[in-house]
Structures are given as structure tokens and as C-alpha cells.
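As you go down the protein sequences, you meet chains A, B, C and D in turn.
The first sequence begins at 16 in my numbering and counts up one residue at a time.
The second sequence begins at 16 in my numbering and counts up one residue at a time.
The third sequence begins at 16 in my numbering and counts up one residue at a time.
The fourth sequence begins at 16 in my numbering and counts up one residue at a time.
Honestly, the hints are just simulated from the structure, not real lab data.
What you are looking at is a predicted structure, and each value in this text was computed from that prediction instead of being measured.
Hints are not guaranteed to be accurate.
Treat identical chains as interchangeable: a pair holds within one or across any two.
[Claimed, not checked] Capping the alpha-carbon separation at 30 Å, the derived lysine-lysine pairs in DSSO-like fashion look like this:
(1) Lys290 - Lys126
(2) Lys290 - Lys119
(3) Lys280 - Lys201
(4) Lys76 - Lys201
(5) Lys76 - Lys155
(6) Lys201 - Lys290
(7) Lys76 - Lys280
Protein chains: 4
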Amino acid sequence: MLKAGIVGGTGYTGVELLRLLAQHPDVELSAITSRGEAGTPVADMFPSLRGRVDLAFSDPKDAPLDRCDVVFFATPNGIAMQQTRALLDAGVRVIDLAADFRIKDIAVWEKWYGMTHAAPDLVAEAVYGLPEVNREAIRKARLVANPGCYPTAAQLGLLPLIEAGCVDTGNLIADCKSGVSGAGRKVETHILFAEASDNFKAYGVAGHRHLPEIRQGLSIAAGVPVGLTFVPHLTPLIRGIHATLYARVSREEDFQALFERRYAKEPFVDVLPPKSHPETRSVRASNLCRIAVHRPQGGDTLVILSVIDNLTKGAAGQAVQNMNLMFGFDECIALSQVPVLP
Amino acid sequence: MLKAGIVGGTGYTGVELLRLLAQHPDVELSAITSRGEAGTPVADMFPSLRGRVDLAFSDPKDAPLDRCDVVFFATPNGIAMQQTRALLDAGVRVIDLAADFRIKDIAVWEKWYGMTHAAPDLVAEAVYGLPEVNREAIRKARLVANPGCYPTAAQLGLLPLIEAGCVDTGNLIADCKSGVSGAGRKVETHILFAEASDNFKAYGVAGHRHLPEIRQGLSIAAGVPVGLTFVPHLTPLIRGIHATLYARVSREEDFQALFERRYAKEPFVDVLPPKSHPETRSVRASNLCRIAVHRPQGGDTLVILSVIDNLTKGAAGQAVQNMNLMFGFDECIALSQVPVLP
Amino acid sequence: MLKAGIVGGTGYTGVELLRLLAQHPDVELSAITSRGEAGTPVADMFPSLRGRVDLAFSDPKDAPLDRCDVVFFATPNGIAMQQTRALLDAGVRVIDLAADFRIKDIAVWEKWYGMTHAAPDLVAEAVYGLPEVNREAIRKARLVANPGCYPTAAQLGLLPLIEAGCVDTGNLIADCKSGVSGAGRKVETHILFAEASDNFKAYGVAGHRHLPEIRQGLSIAAGVPVGLTFVPHLTPLIRGIHATLYARVSREEDFQALFERRYAKEPFVDVLPPKSHPETRSVRASNLCRIAVHRPQGGDTLVILSVIDNLTKGAAGQAVQNMNLMFGFDECIALSQVPVLP
Amino acid sequence: MLKAGIVGGTGYTGVELLRLLAQHPDVELSAITSRGEAGTPVADMFPSLRGRVDLAFSDPKDAPLDRCDVVFFATPNGIAMQQTRALLDAGVRVIDLAADFRIKDIAVWEKWYGMTHAAPDLVAEAVYGLPEVNREAIRKARLVANPGCYPTAAQLGLLPLIEAGCVDTGNLIADCKSGVSGAGRKVETHILFAEASDNFKAYGVAGHRHLPEIRQGLSIAAGVPVGLTFVPHLTPLIRGIHATLYARVSREEDFQALFERRYAKEPFVDVLPPKSHPETRSVRASNLCRIAVHRPQGGDTLVILSVIDNLTKGAAGQAVQNMNLMFGFDECIALSQVPVLP
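Chain A on its own, in the form it takes in the complex:
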């Protein structure tokens, strides 16, 4: 049995990790930490886990994290970069669900995240955990930077076009809509039910932290820096991201076939038939990304629709997928639940 630890398990990515790991036959949950909730049984905070997770939250300083095989950071940004080295030195492999190791350019990271980076060398070592791009490197990685939710949906939708060199990479648009759980389990006014329900708004139009992450991934694929406009929107869903992606054709191609080919062997990417409109609920509580390829009126603008569950493929599910790869398990273990619909 693989021993797994979770640092910071009181948020939504934490409880989603617990939901998935509790159903993993080869993983034993060794510790889950929370400074504020030390001593509280996990199932008292998350009654959905009653009878399935018997652990209590433990204080970070008491938790036997260095005796784990793998530790997940489900913490705010800036925590993992301080604690990862000690864990790696103890032989523990680390998956960070926050953003500490996602951006290779330290100056860019420090600008967008407003902190000095505590472990730039580990950034260099970290593997960006998008299995559809980096599967082999993930298998061998000691440290995986689990992608953000918007970046997962946007990159999976745009990468086939960019890799094939058939769109104008100078002028990409990602109009993305996220469920409210994407904002975390924080007590902030704007995500109260009476504020976010029956309401829709854009936010962060001037600049959102996922912009440099998406741009980095696309630029690597393009071989040159891409131009990207990214607009996130808060949507009255609990779970779900819908990315509506716009790209101008620069070279003709059978775009439907391109996507089908690109993802033919991917267990968690489903390219829908032509003319489809994927719904977020068709991936609810699952690790799937469903994609549809459109070219309205045969014009120059492609419209790619890409949906994921922000807590699963956009966070905890992808982290478990990465863990499965790192430890030689079948990639789909604990991730094969059928989406919950309705």
C-alpha cells in the first residue's frame, strides 16, 4: 500500500482528493494536516466522508509526512515551495496542487504571485503535470506541479491546433467560465450564495494568474511566445469549467480529425462528434475532459469547446492521475467513476 499524505486538507481540492483516494485500492491515507482544525475528525468537517475516512486532521508539525511515499499539497500558494525540499530529501515524492512550481520563469511567477520564490531550483526540476503532454516525464518525476483548472481546460482545447501549426498563435482567445468551487472554500463575500447565485460576471479581466500558465504551455508547444487574451467568468455552478476558445485558421486542416488523432489514446480526453456542445455536467465528478471542434459558417475562426470538472481533472483527479503514473499504477485507478448526471 502506498502511503499518502495531504497538507492542507480543509479546502475543496482537499475533500476531492479524499473522495478519490478513499476509493483507491492501493493507497493508504497516512496523514492530513490542517493548522486550524488539528484534532477534528475529517468526517466531522465533511460528513460525506463518514465511514470512509477515519483520520483526524493533524497539526502540520506532528504529521508523519516524511514517512509517506507521496505528499499532496492542497494549500494556498507559497506553502509548498517552503516544505517540498525537506520532503524530497526524505525520499518523499510531491504533487503540488497550488501554483508554486508551475511557472518556469521565476520573475514571471514572482510578478503574478507577489512573492519571492523560496525554491527556484525546484521549479527547474518540477514536471508540469499535464499527462497529455508530459506523461513520460511525470512517471519519473520526484516533484509534479499539478496544473491549474483553467489551464487544463484551455490547453487541452488549444494544444492540438498549436502543435499542428495551423492557427495564428498571435491572437488566441480563451473565454472561460468556472463554477464557484474554483474560488476555494474561503469566506469571501463575492462567493456567498446570495451573491453568486442567479448572477454572472467576468473577473480579473486585467490579468489573472492563470494567464501566464496557459501562455507558457501554449508557447512551449508553439516554439514561440503566443498572444493570448484570457477572460475568466464566475458562473453559478458548483463544479465545472467551460472554455470557449477562439483561434484563426492559418493553414487548412481536417480539424476534427486532428483532435481525434491527437487524443486517440488518452483515457481522459473525449473528442465529441462534429456539431456537439459538451455540457459541464457530462463530466461532473469525473476526470474527463470533453472537447468539441467547431468552425462556424466555414469561416476563418475556429471555436473549440472544452469542459472539465474543475475539482477533478482541474485539480484532485489530475493529481491522482499523476500519482498513478509516478508509482506505476494503472493510470485510471480510482478515476473511473461515471459522471453524475443529472
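Keeping the supplied structure of chain A fixed, place chains B, C and D upon it in accordance with the hints.
Coordinates of chains B, C and D only, in the frame set by chain A:
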């Protein structure tokens, strides 16, 4: 592999059955019928099932239902009573998720359902499929009448009190709230999003079909006819039933201990600690019923809170639980998913 | 023009007061205070008020409240009791939307609210602001205790029966469901969108502060202390309260006619025809209470359904109704908007 | 008093018209027709109107429409074009809330709406009822084609840029999100609560009927045909449209000042300060359009955010605004309600 058929699979109980059976290691789905959708791949109607269910809907008259081991009716009321005898004669065991075989008193059934019953003798044979009451009979049954959603939540919350004879059975109240999926996947105005969202109302106060079903179950337990006021409410949830049950104490008892004892060995009934308030989401997409026992201000009125997912423990999950019992499988197979929260 | 002030205008009752007062032709808004937001234009916090309310929040100590004709307290409990005397002494009339002056029995208040009362003599003077009961006293009052939201819905639904002496007052049940705005604009985890959406739960079953308030009102009407079980539930609505009220008949009566007679002249109470089921949205954003009277299967238990908008008739609308009465305006001014449906 | 009639009042635009007209001091509602509901009191179908609208639906053939001063068509497409001429001949002025008279090019209309047009000459006469563009013509019009909901939000957001000639009109993108009431009060599966709630999807990507309407309006402003990609999305809101509009700068300009200048005198268009993110609820149940102007990272792509209530400024409110103009009333009468928030 057990061969299973579903009659009428285009509604919410149908897709929930498919979700659960697709994850059952010992069941092979042989046929799913729909008059209106014959030929349509199931996954075209329910994209959540893409890659998991390869069947297409077949016309009822062509489907090889009589070669199945078990057939589920996920049809409107009045269908199963016409087709069940032929299936039983062919050696097929039947689980009806509609109401055709739930009410033992044919006259009562005909009054509430407004039809002449086509198979009164099968009503006599049918076992009411609430495993917490009839487990042994279910194991041997050829025909199981799967309980309604409100009746499941209400009976599980009231039965311990009635069996123990410690409340006034002449004056019980069940104030129940249901998610909108409980109304089915019908095109009716009042369940449109723009009607049911951000809205709350009671309905059927003069008399709802689940009233005689709850009353029958409680009366059997009481040994005498019970007096019950049942008020259902439409709630802007997709899934979930919350029953708030009121009963007057007629004999003192440690009520918390009574419930814990009654359900100690039940895999799908979870009695919460004192002072708890179960949330519907704590059982979302799972087969669990969670119950809390209250006695406000130490007065004479007990308040029992009982929550289920109306599509799972209130319909398809309980049907699979019954199937597991009927065919000697572990009762929990395909029903052990952790509830989806948030 | 009447000069009005609001103390504590950053919550939902505050913004609702502003919405209504901004449409009142005879009222001029003089000051609105907030310790935390002093200097912020009101319309920056509530963009719905852009172009309609030009005031900025002012610090409580700077605000010219003593030069107002009327001051509304839209504050947490415990504030109004400290500031009301000075305002009354300055000739200002006061309407408290919190609970400071609602409960006549100081010991009961102190037990349920966990504070020592700062102005017991003002409690004696205060008029409970339910116009359907105390209209004449409200006209003359210096100090009005504006009722709570649940108490408004529950009392309007039960008072006709109790005043007529035709139900058992020892055993009343109020099963109440509230939209999430009823919990206020506080940053608490359980009212986050991702917690409260697609979820339903009871809370405060052991005892909620509105219990003694409802009991007081009903007991005054009954002339004896009543027995009441009150169970509130959190419902995924923004606005709306639905009270489902149960009472046992002790004396026969034409109950429909009784309600119609009782409220014949009330501008804001609408008794629906027999067999109706009022929806919360039928009163959304309006000051109406709609009531339906049921007697299921002609039995002994009456079921009364009563709906209000918790922010309007349950708070700010009723406060404006009281203000209209106190200052001799037509009772309906600024309160005649048609409910917003859908 | 102006006599107004409504043809087809059982949908959401119908009930919204009723809500607004019931509050208009100079309008008397003379008739409202519905083939299916003739004889039913309007307030029985829409209880929000109890006590405010006393009319019953009347059969179209019996209704005294030709004695009205103005008739609104709140019907499906294809009805108004058959009945308008007779009304005009009788001296009645007509406002069509459907699409019959919106598209000047009959061939385009017939292609997108799949019908032969019954009154092409009236299309030529009809004035497109966007007051911000055609105010003077509307004043004199006998026949007004009330704009669609998406077209209102999209045109108001893009027109200032196009009129000023400072963006590339060959490559505009309108990514639009609509509440579910925009789909009408039809019984279709995909707008059921259990389908549309907690779900998000694009639809009509291959081509939506509002595309030619938006394109027509923008092309008139540009003086040349524009290139537009339009993607609508179904969002779990009751009311509200959020248009996220993308345009490439072709000539430098102070874009914020441009918008402020363009709409300085418009009573229903509110240009927000820089860096704002308008929320749909900030215009809920009001006739306002709020707009924010963004230029992320100072790049070449402008992002304009434009929100309306689809039933008010996007339908019935704009129709009343047009009626006010046509009959010489103050443009804002019956349209000055403060938006309902929360």
C-alpha cells in the same frame, strides 16, 4: 455475469440505473428499451455515459428481455403491471421502480393511481423492497416493488419509533422536501429552470400518491392504521430529499440509542451523533440515508431528520441493492461510491 | 421630505431598505453609516444603486442621525439598544430591524441572545411592528421593533386560527424554509455558494432565536402560553420564506372564510383560493404575504402555507410599511412594486 | 389613457410586459390573448399579478385589438407578420417582440427563420427599436421591430467602437451567456431545472438566429459588412445576459472616454468606471445596460463587458421604452424600478 434489462430507460431513474450498473462488475447490461428513442445510442442522450454504455435503446417489442436474469421497470405507473407476468413466467426476476406493486390494498391503489390494476395477484406476491424491513423476503423474491423516494426517507426516519411503540401513531407529520429530479424527466412547465429555480412551494397537500404508501409501511410496523399528514415540497435542488418528521412521545425512551441500535448493521443507514443536521449533499449520488434524532427543548415532540438522494437510495440505488440481495451478491456492490461534495 | 437615516447599511436588509427608500417620493435619505466602509460610495458596494443613491457610507460618530426624522437600525443584535435612547431624546423616531426590542420578557431575551439588555425600559415602550396586529399602536410609536422574517410568516399564518380559538394551541408546528439571504451578508462557510447550492438542511432544531418571538406573538393572541415546535431550514433560494404550519382543529369552523375575513382589509396579506400552493417567487421583491389554507383529507390537522420575501415583508419592506404608518403616509407608498417573476 | 393590447401573453416576455404595464400610470391594458388559455384569468397563471391585473386571456379572434392604441406581439416568430397589416390599417401602432420585422434582407430572414415572409413591405417600413440608435425614427414609427436580447447586449457593447472606426470590423467576437428564461416558457427537455441547473453549455455554435441580426446592426454602423463570430451559452440564471465582446484595435483612442461620450445622455446605458466587472444581477428586473471597457495588458485586443436583463432591456422593458417614445411619454415611465439585488 448477470444479464440485466431495463424497460423505459430515458428518465432520471433510468440514467441513474445505468450509472450504477455500468460500475457493477457482475452485471452485463443486455437491453434497454424506449419506444420513442429506439435506435438512439444511450450515450447520445446521456453523454455522461459515453465510453461506458455502448447499447442503443431498442424497441420494447424487439428487446430480448425474456432472456435476462433481471428486468428493471423504470417506466411510468401502469406499465409494469402489464408486462411482469410474462417475464416471471419466462423465469426472469423483476424489480419495478414505479408504483404498480407497492400498495397491497388494490382498491386503495386504484383510487390513488386512477387505473384498474391489471395484475392483482402479483401485488400479493410482490415484496416491498425496503431492505431495512424486508431483507430476507427480498432475497427470495421473484418480484420486488421498489419503494418511492419520499416513502424511503419517511419510513426509515419513523420506523424505529413505531416499531418500539414509543410515539403517538395517530398523529404523525412528514414535512418532506424533494429535489426537482424527483418529478422526472418530463416536459412540464412547473419544473422548468425558470420556474423551479430560486423558488419554493408545497404541492399535493390535499393528497399525494406517496401518502398511502408511507401509511401502509408505518401501519404494518404499528400493527394498527396510523394517522399521517404528509406535505411534499418542490425544492431547487437537482437531487435530494429531506424529510422533517414530527412525532409525539407516548413512552419515554433513549431515542438516540434506539435509532443507533435499529440501524447498527445496516450498510446504508447512518445515524448521526446527537444535535446533527444532515445535509442532502452529504448523500449526493450515494445510496446512503443519514438520520438525526432531535427532541427540541426536551418537549413532547420528536423531530427526526432523514436525508437521501432521491435517485439513488430513493430509486435506482435501492433497486440495485435489491438486485444484489436477490442474486446473492454483496449488498454493497456498485453502491460504495463516496458522496460527491461539494 | 422626511429625513431618514440608516445605521449599518452594508447588509442585505440595508440594501433592501435603500432599494425601497430610493423609490419613496416623500423620503430623503440623509445618512447611512458603516464603521468599516466609511467613505465608500454606497453605489460602489451595491452597483444596483448606481444613479439612484448618491450617498457614501459615513462613520457612525459623524453621521447626522439626530437630525433625521426616522432612523432605521439594520445592524447586528445588540447595537440598537445602546443608541436608541439618545435618538429618541433628540426627537427621532426609531425602527429597529434587529431583535433588540422584540421580546418583552427581558430574561427570555437575555437567555436567547446571550447579552445583558442595555435598555429594558425601552423594550416596554417599543411597539412590535406587525401592522396586521398593531397598526394603531405603530402609528403613534416612537420606537418600533420590526419583526423577524420567520416570525412574520409564521404569525400571519397562525394568528387567525388562534384568535378564533379553533385550534389546539398546545401543539403547533412551524416547519419553515428560508432563502440564504436570511443568514445575512456575513462571510460564513455554510452560506458559500458551493456549500448552500444544490443542498438542503435543517438547522437550529434544538432552539432558534425566532422561537420565543413567534411564541410570544401567538401567546398574546391566545391569551395563554402556546406550545410550538419550530424547525428552520436553509434552502437554495436567494430570497423567500415558506412556512408550512400544522395545527389540530379543536373547534369546527369555515377556515377558508376565517382567513379571508381576517385579512380582508390588509393591503399586504393575500389569502389564496382553496387548494392553492403559494410559491415564494409570487412575492419576490414585494411586501406581500400569500397564504393558503388546507385541511388534507378532511382530517383533524390543518396545514397553512404562508410565503413572504424575507428581505421585504420579512424585514425592510415591513420597516417601510411601519414608517409609512408612523408618519401618516399611505401605507403602501414605495411598496407597490409587482413581484418579479420569473 | 393609452389602450394597450398584448397578443400571446403566456410566455416570459408576456408576463414581463404585464409587470411593467401594470405599473404604468398612463396605460390601460385592454386585452391579452392566448389561444390555449382563453378564459383563464391572467393572475391564475401568474400569481405574481394577483390584485394587479384583472384581465383574463381572451381568444385572439374575440379580442378588441383593433380598438387599441398599441398592440404588442409577444408571440412565436411568424405570427406578427400575418396580423400586423390589419392592425396598422385600423390605426393601431404595433411593437413586435418577436423577430418578424428585424432583418431587412428578406432572403436572409427566410433562410434563418425557415419561413416565407408574409409581409415584406412592412419589413421595409418597420423601425428597428433600439432607441440608442433609432430614437427619432421610433417616435414616428407605426411599426417597431423590438430587438432580440443578445443583439441588444452585443450591439450596445460594440457600436461605439464601430461608429468611431477604431477596431477591425472583419474579426469581431461576441461570446454571450444567457439566463434560461431567454429560451422562453416552452416545455423542452434541455431547459428543465434538472438539466439546466448546475450545468453550463454553448449551443447554436454553427449558427444562431441572432447572428444575422447583430451583424446587420453592426454593418449599418460600419458602413460595410462586418465579420462576426457569435457563440451563445446557456447559463443557470433565471434572468440576465452577459456579453463578452472582443475587438482588435485598428486606431488608438481613449476607449473609456469614447463609451462615456457615446452614452452620456442615454437613460438606460450605464458606462462603468475603468476596471469594472458588471454583474448581471446589477440590472436584474431593470431596463438598464451596464458596460465596462477593458484593454488587458495594454494589448491589441479590447474586451467589452455588457450586461442586461434579457426580459427587460432585452425584451419587454425595451418594448415599453419604445412605446413611451412612440406616444410622447417620458421615456423612463414604468421603467425606473431599482434593480433587485440580492
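Against the structure shown, which of the earlier numbered hints fail to hold, in ascending order?
-> Violated: hints 3, 7.
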